[in-house]
Structure formats: C-alpha cells, structure tokens
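Protein chains: 2
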Amino acid sequence: MRRHQHHRCNISSGSETGSGSDSDNNTTMRCISCREEYLRRDAGTCKECYVEAGETEEELKREIEDLKAKVIFLRFPSCLDHGSSRSFTDVVLIASQDAAGPPPIPAHKAVLVSRSPVFKAMLENEMEESRSGTIKISDVSYNTLRTFVCYLYTAEASLDEQMACDLLIMSEKYQVKHLKSYCEKFLVTKLSWDNSLLTYAFAHQHNAKLVLDAALSQITNNMDKLTKREEYLELVEKDPRLIVEIYEAYLSKQVNTAAGGASTSKTG
Amino acid sequence: MRRHQHHRCNISSGSETGSGSDSDNNTTMRCISCREEYLRRDAGTCKECYVEAGETEEELKREIEDLKAKVIFLRFPSCLDHGSSRSFTDVVLIASQDAAGPPPIPAHKAVLVSRSPVFKAMLENEMEESRSGTIKISDVSYNTLRTFVCYLYTAEASLDEQMACDLLIMSEKYQVKHLKSYCEKFLVTKLSWDNSLLTYAFAHQHNAKLVLDAALSQITNNMDKLTKREEYLELVEKDPRLIVEIYEAYLSKQVNTAAGGASTSKTG
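If you read the sequences in order, they're chains D and H.
The first sequence begins at 80 in my numbering and counts up by one.
The second sequence begins at 80 in my numbering and counts up by one.
The hints are simulated quantities; they were obtained by calculation from the structure and are not laboratory data.
Be aware that a few hints might be false.
Claimed, not checked - With a cut-off of at most 20 Å between alpha-carbon atoms, the simulated EDC-like pairs for lysine to aspartate or glutamate come out as follows:
#	chain 1	residue 1	chain 2	residue 2
1	H	K140	D	D169
2	D	K140	H	E203
3	H	K252	H	E203
4	H	K215	H	D169
5	D	K304	D	E324
6	H	K126	D	D169
7	H	K140	H	D121
8	H	K256	D	D169
9	H	K332	H	D292
10	H	K199	D	D169
11	H	K264	H	D303
12	D	K264	H	D169
13	H	K147	D	E142
To be verified - Label pairs and their in silico Cβ distance ranges:
#	chain 1	residue 1	chain 2	residue 2	range
14	H	Q284	D	G133	33 to 41 Å
15	D	Y329	H	R120	50 to 58 Å
16	H	A148	D	P319	34 to 42 Å
17	H	N274	D	Q241	53 to 61 Å
18	D	E235	H	H257	17 to 25 Å
19	H	L312	D	E136	30 to 38 Å
20	D	K269	H	D145	13 to 21 Å
21	D	G180	H	I143	40 to 48 Å
22	H	G339	D	S237	47 to 55 Å
Since this is a predicted model, take the numbers as computed values, not measurements.
Glycine included, each C-beta is placed from N, C-alpha and C at the ideal position.
Please put together the full structure from these sequences, using the hints given.
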C-alpha cells in the first residue's frame with residue numbers, strides 16, 4: 080500500500096473577513112487518515128464515507144483471508160515431497176528430452192485429468208498412456224516438467240524468464256489456462272525495450288495475448304529506435320508478417336491519438 | 080457494501096464574518112465519494128488519501144479475483160458428477176448408518192489423505208481400509224457423507240443447520256479443520272436466543288470455540304430469561320458443569336464491565 084507524498088500546507092492563517100469562497104478556500108482541515116493538514120480545495124470525503132471505506136477494506140481483507148485458507152486446503156502437498164504425500168500415484172510422467180534418462184515423475188491421473196483437457200482426453204480414452212501408466216513428454220527438460228506437474232498440484236511455481244517461457248509453452252500444449260495466465264503476467268513484469276521484440280515474437284507464436292499487447296505497446300512507444308535493432312532485421316527476414324503487425328499497431332495508435340486529441344480538447 | 084444514510088445538511092449559508100472557528104465550521108464541502116454536502120466538523124480525508132484508498136480497494140479486488148481463479152483451478156470437479164470426472168477412484172466410502180445399504184461413494188485415496196490426517200493414517204498404514212479399498216463410516220447418513228466427501232474435493236457445501244452440525248461432527252472426527260471452521264461460521268450466523276442453549280451445549284461437546292463464544296455471549300446478554308428456559312432445566316440435570324460455566328462467564332463479564340466502566344470514564 081503506497082502512501083502519498085504529503086502535501087504540507089504552508090498556510091498563513093489568513094486575516095480575510097467574510098464567508099466568501101476566498102476565505103473558505105484558505106480554511107485548513109486535518110485529514111483523519113494521513114493526519115496532515117489540507118486546504119478546502121484538496122478535500123476528499125466526508126467522515127462517513129471514510130469510515131465506510133475502512134469497513135469495505137476490512138471486508139475485502141477478510142475475504143482474502145478466507146480465500147487464502149481455501150487455497151491452502153485445496154492445494155495438494157508440494158510435489159517436491161516425494162514421501163508419503165505423493166502416495167497412491169497411478170501414473171508417471173517422463174521428460175524424454177534428457178538423454179540421460181531422467182527419473183520419472185509420479186502423479187495421479189485424477190489430478191492431471193482435472194487440470195488439463197488434454198490429459199483428460201489422453202487418460203480417459205484408454206490410449207496407450209492410460210494403459211501403460213506412462214506419459215512421455217518430448218521437448219521438455221526434467222526440471223520444467225517437474226515444475227509443471229508441481230503447478231498442477233499447488234497452483235504455484237517459482238519462475239524466472241526461461242522457466243516462464245517453457246511453462247507457457249507447456250501450458251498451451253496441455254491447455255492449462257491458469258498456468259498460462261500466470262506465466263503471461265510474469266513475463267509482462269519482465270518486459271523491457273531490450274527484450275520487447277523477442278518477447279513479441281514469442282508471444283505471437285504461443286498466442287499469449289496479454290504479453291503480446293504489452294510487448295506491442297513497448298515497441299510502438301519506441302518506434303524511432305526500432306529499425307536499428309538487430310532482432311528487427313532478423314524478424315524482417317524470418318517472419319515479416321510480425322513486422323507488418325507492428326506497423327499496423329503503430330498506425331492505429333497514431334490515428335486513435337489524433338482522434339482522441341481532437342475530441343477531448345480539454346487535455347494537456 | 081453498505082451505503083450510509085446520507086446526512087443531508089440543512090445549512091443556512093451563514094452571514095458570519097471573520098475566519099474564526101464558528102465560520103469555518105459552517106463551511107460546507109461536497110464529498111467526492113457520496114456527492115453529498117458536509118460540514119467542516121464532518122470532514123474525513125484529503126483528496127490524496129481518498130484516491131489512495133480507492134487504489135488500495137482496487138488492488139484488494141484484483142487479489143480476490145486472482146485467489147478465486149486459483150480456487151477454481153485447484154478445486155476438483157464436483158463430486159455430484161459421477162461421470163468421467165470421478166474416474167480413477169481407488170477407494171469407496173460407505174455410510175453404514177442407513178440399513179437399506181446406501182450406494183458407496185467413490186473417491187481418491189490421494190484426496191482423502193491430503194485433506195484429513197485421520198484418513199492419512201488410515202490409508203497409508205496399510206490398515207484394513209487401505210487393503211480393501213472400502214471405508215465404512217458409522218453413525219452418518221449417506222447424504223451427510225456425500226456432502227462431506229464433496230467438500231474435500233471442492234471446499235464447498237450447501238448447508239442448513241442440521242447439515243452444519245452433522246458436518247462439524249464429521250470434520251472434528253476426521254480433523255478437517257477448514258470444514259469445521261466453515262460449519263462454525265455458518266452456525267454463528269444462525270445463532271439466536273431461541274437456539275442459544277442447545278447450540279452452546281453442542282459447541283461444548285464438539286470443541287467448537289467460535290460457536291461456543293458466540294452462544295455464551297448470546298446467553299449472558301439475556302441472563303434474566305435464562306432460568307425460565309426448559310433447556311436450562313434439562314441441562315442442569317444432564318450436565319450441570321455447562322451451567323456453571325455460563326455463570327462463570329456472566330460473572331467475569333460483569334467484573335470486566337465494571338472495571339472497564341471505572342477506567343474509561345469518558346464513555347456514555
């Protein structure tokens with residue numbers, strides 16, 4: 080919760096007379112929240128609204144506590160704990176990328192099925208995976224797969240940018256929307272001008288709308304520097320459609336800004 | 080979110096002069112939240128605090144949305160759905176109270192174990208229940224057992240007072256704290272003078288502290304009517320200790336009130 084920079088009022092307790100607006104505007108009051116003095120023109124709410132807002136905040140906080148308790152109740156024990164809490168597993172997942180033969184990751188069909196429509200189709204339709212109790216997943220590292228499975232049990236993952244990208248790809252493949260959204264939000268927080276073009280291309284490839292929009296906004300705010308970027312030249316070669324979409328977004332933004340500027344002439 | 084009864088200000092826009100406090104106090108302002116006018120003495124916050132409070136509220140609401148999405152993700156499909164979503168079950172629960180032989184309720188050992196330390200001990204220690212894959216539960220109706228199992232999957236149950244009491248007993252037996260707390264909160268909302276003595280005795284029997292305190296408070300606020308109650312006479316016969324505890328709570332309240340009244344003489 081941010082606290083604002085306090086506006087210390089340098090008020091010369093005026094010697095005006097009369098109940099006119101000048102005098103009123105120099106009247107100072109003390110805010111019952113931040114305890115600072117403020118001028119009439121900086122007045123916010125009445126006391127009742129302040130009290131109500133406080134009650135609303137308390138209610139919301141109670142709701143958050145209730146929901147957090149629910150999450151803890153519904154969460155399975157961490158999948159890092161390979162002891163008793165992972166008992167009664169009836170399937171293993173194997174990351175087939177690693178040649179060394181990584182250890183299989185035990186899991187419960189019921190959990191996989193309830194979290195992913197792809198696992199559901201795979202396991203409920205008596206396909207090879209269901210019969211053998213083994214799901215081989217190619218093009219993924221053991222570490223990524225383990226983090227992915229963990230997330231299905233706990234709705235939690237410790238991310239860095241690489242892991243967020245890897246998990247986003249997995250979540251798209253297995254249609255785990257909640258995880259995809261989790262990765263997208265993380266990637267948006269890591270967005271910068273430096274990684275914006277690569278992130279944009281990545282988001283495009285994996286239908287990550289939230290990341291795509293954020294990256295596009297980052298790029299179109301810095302169009303002057305765009306064509307000098309190495310990744311720009313590469314992208315023009317490799318996938319010029321993506322570059323076209325950047326120019327289209329930029330153009331559309333310019334048109335909107337012009338229209339907005341014309342209609343809301345009171346800004347600025 | 081309640082809205083307060085607006086304090087319409089009948090202000091005769093005064094003809095006072097001077098910037099003294101009388102004049103200031105008659106200055107009216109318009110609350111930027113409820114849009115009503117208020118007097119200086121009813122002023123709440125400055126504008127910045129109002130804006131900040133609004134931002135805080137938005138942040139809390141976003142957190143609530145995130146948590147709700149997490150709950151939905153972690154929740155298993157409703158146990159009312161006996162179709163595909165309940166597949167891969169490896170245990171059944173049977174309510175042995177009903178003579179008619181109620182249908183067994185299929186479940187997953189992994190879910191039972193993760194929600195209840197009692198099921199955990201039962202199923203992981205190769206006891207009869209684990210070997211046979213059948214858990215017989217006496218003294219419970221099929222309907223209660225089904226609602227109980229449902230809750231373990233979804234953290235949700237539709238309650239009435241009877242069901243809340245039945246589930247509270249089950250949650251105590253199987254140490255499902257989250258459910259016990261859920262039932263307790265429900266029973267507190269249903270508390271009235273009419274059911275307070277029975278609820279008090281029930282809460283006592285099942286270590287339901289939240290309900291116990293609420294019931295005790297209800298009772299000690301109406302001590303003049305207590306001894307005329309039929310349940311009172313029954314309880315004196317059956318479990319006089321409970322009645323003693325009521326009197327002790329009442330006495331302690333009186334002492335505290337007297338002490339509070341003496342030290343905070345500015346109340347009233």
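Unmet hints by their number, sorted upward, for this structure: 1, 2, 6, 7, 8, 11, 12 and 19
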